[in-house]
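Line by line, the protein sequences give chains A and B.
So for the first sequence, the working numbering puts the first residue at 2; every next one is plus one.
So for the second sequence, the working numbering puts the first residue at 2; every next one is plus one.
Any given hint could be a false lead.
Because identical chains share one entry, a pair is satisfied inside a single copy or across any pair of copies.
Claimed, not checked - When the alpha-carbon atoms are kept at most 30 Å apart in a straight line, the in silico DSSO-like pairs for lysine-lysine are as follows:
(1) K301 with K104
(2) K301 with K227
(3) K133 with K227
(4) K133 with K301
(5) K104 with K133
(6) K237 with K301
(7) K43 with K312
(8) K133 with K43
(9) K133 with K312
It should be emphasised that the hints constitute simulated quantities derived from the structure, not laboratory data.
There are 2 protein chains.
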Amino acid sequence: MKEDGKAKLLSVLRGELKSPPPVWLMRQAGRYLPEYQAVRAKAGSFWTMSMTPEIAAEVTLQPITRFGFDAAIIFSDILVVPFALGSMVTFEEGVGPRMSPVKAINGLEHDPAVWAKKLEPAYEALRLVRAKLDRSKALLGFAGAPWTLATYMAEGGGSPDQRAAKLWGYRDPARFAAFLDILGDCVAEHLIAQLEAGADAVQIFDSWASGLPPAQFAEWVVRPTKRIVDRVRQAKPAAKIIGFPRAATLEGYDIYVRQTGVDTISIDTATPIRWAVQELGSRVTLQGNLDPIALIAGGKALSTATAEILKATDGVPFIFNLGHGILPETPPEHVAQLVAQIRG
Amino acid sequence: MKEDGKAKLLSVLRGELKSPPPVWLMRQAGRYLPEYQAVRAKAGSFWTMSMTPEIAAEVTLQPITRFGFDAAIIFSDILVVPFALGSMVTFEEGVGPRMSPVKAINGLEHDPAVWAKKLEPAYEALRLVRAKLDRSKALLGFAGAPWTLATYMAEGGGSPDQRAAKLWGYRDPARFAAFLDILGDCVAEHLIAQLEAGADAVQIFDSWASGLPPAQFAEWVVRPTKRIVDRVRQAKPAAKIIGFPRAATLEGYDIYVRQTGVDTISIDTATPIRWAVQELGSRVTLQGNLDPIALIAGGKALSTATAEILKATDGVPFIFNLGHGILPETPPEHVAQLVAQIRG
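With the rest of the complex left out, here is chain A:
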């Protein structure tokens, strides 16, 4: 009988123990797959792929077909929310995303109906995946967290130290909080709409949660995330929400788990998984945390790191994943080896 990965993942999200754990990988539909590269060569750009439902659905399904992961995650980008708010987002090869820097909130689109219309391709992609995805596989939606989105919007692109957003927050805390709130409104709507379009659960990516002093982490990461979780739960009381405050301090992870209300916490590569099991494992489901670079390396480094994570998480509800997104240089055969090792 075929194992039901969807049932398994949803059980674990509800706090039940499953061994071996369910597995999916952040950014699993991506450049490391030749079949993805083939689609991309035809589509042209990453953004076009994200915004064309048939293409997004196709690449979402590719890693499920190849590796049999327990969950598909919709192919999209965290910057669809800035796009909904009115930013023109472009992706340059080797440069990353670019947009006009946002300096004030009054130019932002406030109408949820407009957001929904602009983000309709993502929902259509989810419906297409839902229709084609094997019923034994879960489907995940996601969004960027307000702080991480603010770092891109304030800077007009990526930044090594999130300077523009930090400066805005330090210099004008009230208006910056309002900015995070508008972002949070749109993120909450986007997550709810993804759940309505067929997502079984959603993940909130706060990829730039590192580098913040405790007071700023509380105001810019924890408070806006709790606000989103509350809104999603109000609309969808049974919604399962995974939080990922990447590279937060251990104290930050602890506060995030205690205060935001997420069901599952995704652990980054550096955060000790043994610490997470001990300190967080009785309160939330854990997810993580293999180093994506160990997955590139393969061999003994990969099998040892994988075994350590499996051993450390034995006895708590756990979803095997990476500590950050899979990298384009990853040999697909290492992914196959990883899945085989996890499933024993």
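Following the hints, complete the assembly by docking chain B onto the known chain A.
Frame of chain A, contents of chain B only:
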């Protein structure tokens, strides 16, 4: 009577309480100062400045003259160690340091006499500063830690995720350990020579200590640092050593303090200073940890953050500093305000 900042800093490094705390800032001799920019415009490049003793000495003294910091730190760069080992280092404006990627250890210069000769400009600069520096000011030397140096050498420059060094370490742990050992040999010699040339204490910068799983942090950060501390202490038993494993996890900071033998631990911006006081403050002197971006922001954000650090560290041996190097965009008047607030 003029306050003796040197005596104060050295007392705190020995574990004594001083209030208000001594203060210096990482990268305090730098681009945010117009007088530095004037020297740089004449000298041409950052590397020429580092390697010309008279120029290095001049810019080392500039922030002492302007702000009266309690310590000068020699103007140099962590990449002088790769240079001593045979790498040709170039600095491109806006690109950062570049060198030929190092793939094996057998091409590296192993002769300490050659290292000493190549690094002589740094020692001459220290002697020049010592001769001109007010006797009431301390003088600090520094070096990059082996892991951080390895990340630049393996990549041939900076890298967002230290991928080349990680891959080397995962794929060939024995040779990578040998690489870290050669780096450590050179770092130890360099620190000892700086102490002999007049440095009152030294700091080891592990700027890329973030992102490492616990096993790799132990092997690549803690072990090589302990090896250096042991060697410096063997040559200079009274040497005071400040360690800076930037953005390590809280568990990483704790292990680093327990195992490396450093006297003082420098705390990065995100690591909660209250946590450091509570968990590390009874074992080592603390240093840190103002957000350099709060120093750019100025105003209430700066005064609040400064007051919080002063309050949290009241009662433990502490050196006021930033959580990372000062940024070129920092208004010098914010630095003056900071020093005035600290000194009450």
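A quick look at each hint next to the structure:
1. K301 with K104: between (49 Å within a copy, 20 Å between copies)
2. K301 with K227: Close across copies (26 Å), not inside one copy (40 Å); limit 30 Å.
3. K133 with K227: Cα proximity of K133 and K227: none, with 33 Å in one copy and 56 Å across.
4. K133 with K301: neither (37 Å within a copy, 55 Å between copies)
5. K104 with K133: Intra 42 Å, inter 46 Å, cutoff 30 Å: neither.
6. K237 with K301: Answer is neither: 44 Å inside a copy and 40 Å across each miss the 30 Å cutoff.
7. K43 with K312: Classified as neither: same-chain Cα gap 43 Å, cross-chain 60 Å, threshold 30 Å.
8. K133 with K43: within (22 Å within a copy, 66 Å between copies)
9. K133 with K312: neither (35 Å within a copy, 59 Å between copies)
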